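Visitor: Given the structure of chain P, go ahead and fit chain V onto it with the hints provided.
There are 2 protein chains.
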Amino acid sequence: MLSDLKRIAEQVDKALTRDDFPETILPDYLKEAVLAYPLRGGKRLRPAIAMWACGLFSNKPDSALLPACAIEIFHTWTLVHDDIIDNDSTRRGELSSHEDLKQISQKRFATQAEASEQFGRSFAILTGDLQQAWAISLLLKASGKDMSSDITLSILDRMINLLYPRLLSGEAIDVEFEHRKLEDISEDEILTMLKWKTGELLQFAAETGALIGLNTANYRLDSVKSIGEFAMDAGLAFQLQDDILGVYAEEEEWGKPVGNDIRTRKVTLLIKKALEMSEGEDLQHLMNCLGNVDMSLADLERTRNIIKDCGALSAIEEMAKECIEKAKDSLSQLPDNKYRKLLDELADFLIQRKY
Amino acid sequence: MLSDLKRIAEQVDKALTRDDFPETILPDYLKEAVLAYPLRGGKRLRPAIAMWACGLFSNKPDSALLPACAIEIFHTWTLVHDDIIDNDSTRRGELSSHEDLKQISQKRFATQAEASEQFGRSFAILTGDLQQAWAISLLLKASGKDMSSDITLSILDRMINLLYPRLLSGEAIDVEFEHRKLEDISEDEILTMLKWKTGELLQFAAETGALIGLNTANYRLDSVKSIGEFAMDAGLAFQLQDDILGVYAEEEEWGKPVGNDIRTRKVTLLIKKALEMSEGEDLQHLMNCLGNVDMSLADLERTRNIIKDCGALSAIEEMAKECIEKAKDSLSQLPDNKYRKLLDELADFLIQRKY
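Protein chains in written order, with the working numbering: chain P, 1 to 355; chain V, 1 to 355.
Chain P with its partners taken away, still in its complex shape:
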């Protein structure tokens, strides 16, 4: 599976490098910013889901290559805007868009302090806006070739009227969480946020591939629904695994400070469960550590033990396992071929990863 995933990544890299959308963008550094994240590589999970879902129904995964690229660029713009929103200065080990553009303004125009921050943010907003158009441009390029006008319009309708409001509402709810008390946030709200912010795009990727593979514009077909549910559930499992890594991963493999979710008081299902399931001094210790960026390693160790001993860790592990089982169950109802096997292995990969 991993070698197949690598091949998809190469196909996507090549198609994105060749695509002419960014060519006319000015100034040059805005064009480069539009290209930066997309050419920085990555696992290309979303394109793989789209192409394998297409292959599952047609044995021709490449028919979904351009739409898969569209989905990758869609994912990219959300990262660019998220990085501004979260004030993150790095992305995949390199500078984030707004930070990069901030430094460009310092070098080119000798902007100072607040002016360079504003410049970086402004151009990163425009970068994400252009990538929104680039995503749709890639989809339109597949129209009339790999798919009919009807299918194109159906996919666009889903992207615009379902994916956009859900994904951005999910992002908004997540930003809002930072400003609310943990005790006022319900598990249901966290689950909805996870589904909308990340799950919807994975579901969209799978459904898009299925429509092309089945040569239909109809989202209501059982097989389209099943592959969509597969992706949504596998995505949820992926995120629950992320919750666990956010507390238990070691720095070298995770690329973030150990216990990062505790230090930043990230609102996750694991932390919410731990607050519900622990009590007394343990609960007090947990509350003290949440949001404490200078938490000691000893405090982190105790936090990890509390989250484990109260049963929250195994509850989330169990939940992730159930999501994967549900995902695999949806998949099992679909044609049995090479691509179903790849998707099945991808689901396992998502919760086995350690970083």
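Think of the hints as simulated: they come from the structure by calculation, not from any bench.
Note that this is a predicted model, so its numbers are computed, not measured.
Mixed in with the good hints, there may be bad ones.
To be verified - Listed below are several chain V residues computed to face chain P (Cβ distance under 8 Å; list not exhaustive): (1) I25; (2) L30; (3) I85; (4) N161; (5) E171; (6) I173.
To be verified - Quick list of the computed label-pair ranges, beta carbon to beta carbon: (7) P/Q112 / V/G41: 38 to 48 Å; (8) V/R108 / P/E281: 49 to 59 Å; (9) P/S89 / V/G41: 21 to 31 Å.
The beta-carbon is built from N, C-alpha and C at its ideal position, and this holds for glycine as well.
Guide: Chain V in isolation, oriented as in the chain P frame:
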């Protein structure tokens, strides 16, 4: 013409109020932010251009109502993101999106200083992103009703592959101007910026209306080109008039501090021309006043006289007149009916307005 323009505004208001796209957006204040600028009214010039261009060829302007609404919402999202970029705290006499959302975060979540600024910006970024989807949603709603799939895809292709890169490159060049020396910026660059940042959307509005009116997906038809050129040239005249108002308008009618373009060192063709055409002490005075927010009224008065006496004012007035003549010439080649008359009068209105 003005009563017809008012009727268009009412139709657009009604269609936007009825549209279901914003319904599912959460949290509630994000939904309200998405609706805020669109329901704040405005002249609806772009919808009028689209609908009258449609009427010109079909006598049925209403067939372009939904696409006209799409264009208005497209315009809206660029304003929301521009207001963040320009750090403007008001829009049409009320709070700008990011300022409004900043105050909401202070009230709801008691955020302080920098955190509330960040919150306001973040949610305004998401507001503009959602409006991008809303614009396309309105276009898709017209598909299969007021226009064929082919026409829809052709309009989308133009929006995505021409309008987006041009408009956002124009915006980027304008932001860059602030960081460059005026003497290094050429008149051609300023003209390109004006055409891209504002002209392209007006051209797109006219062409979209024409495609629907002519029931064609072909942008290369002479009549589609002519109506597009009409809108581009009328738009240029509009902006040159804006340059003049930015120096000569009085506060009460203009809604901005008198001589605003001088105080903020805005890069306009009028100011560029004045720097080229004046010399000695006059040039020195001009240079001293540019970017001086505390400039006295006496200094402004002298600046106004310098710009007039050196010939820059009449050069720009002449240029605006030529643009309107060129626009009217393009229009004169098209069918002579009620809608041609309305567009002709609209062109006059654009350069006669005093505020």
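Visitor: Hints first: check each against the structure and report whether it holds.
Guide: The hints, checked one at a time:
1. A least Cβ separation of about 5 Å between V/I25 and chain P falls short of the 8 Å threshold, and the interface hint therefore holds.
2. The interface hint given for V/L30 holds, since its Cβ lies 5 Å from the closest Cβ of chain P, which is under the 8 Å cut-off.
3. Evaluation of the V/I85 hint against chain P yields a held restraint, the C-beta minimum of about 4 Å falling below 8 Å.
4. Taken as an interface hint, V/N161 checks out: its beta carbon lies about 6 Å from the nearest beta carbon of chain P, inside 8 Å.
5. Contact between V/E171 and chain P, as hinted, is supported at the beta carbon level, the nearest pair being about 6 Å apart and thus within 8 Å.
6. Evaluation of the V/I173 hint against chain P yields a held restraint, the C-beta minimum of about 6 Å falling below 8 Å.
7. Taking the beta carbon of each, P/Q112 and V/G41 are about 39 Å apart, inside 38 to 48 Å as hinted.
8. For V/R108 and P/E281, the Cβ-Cβ distance of about 33 Å falls outside the hinted range of 49 to 59 Å, so the restraint is violated.
9. Distance hint for P/S89 and V/G41: a CB-CB separation of about 40 Å, inconsistent with the stated range 21 to 31 Å.
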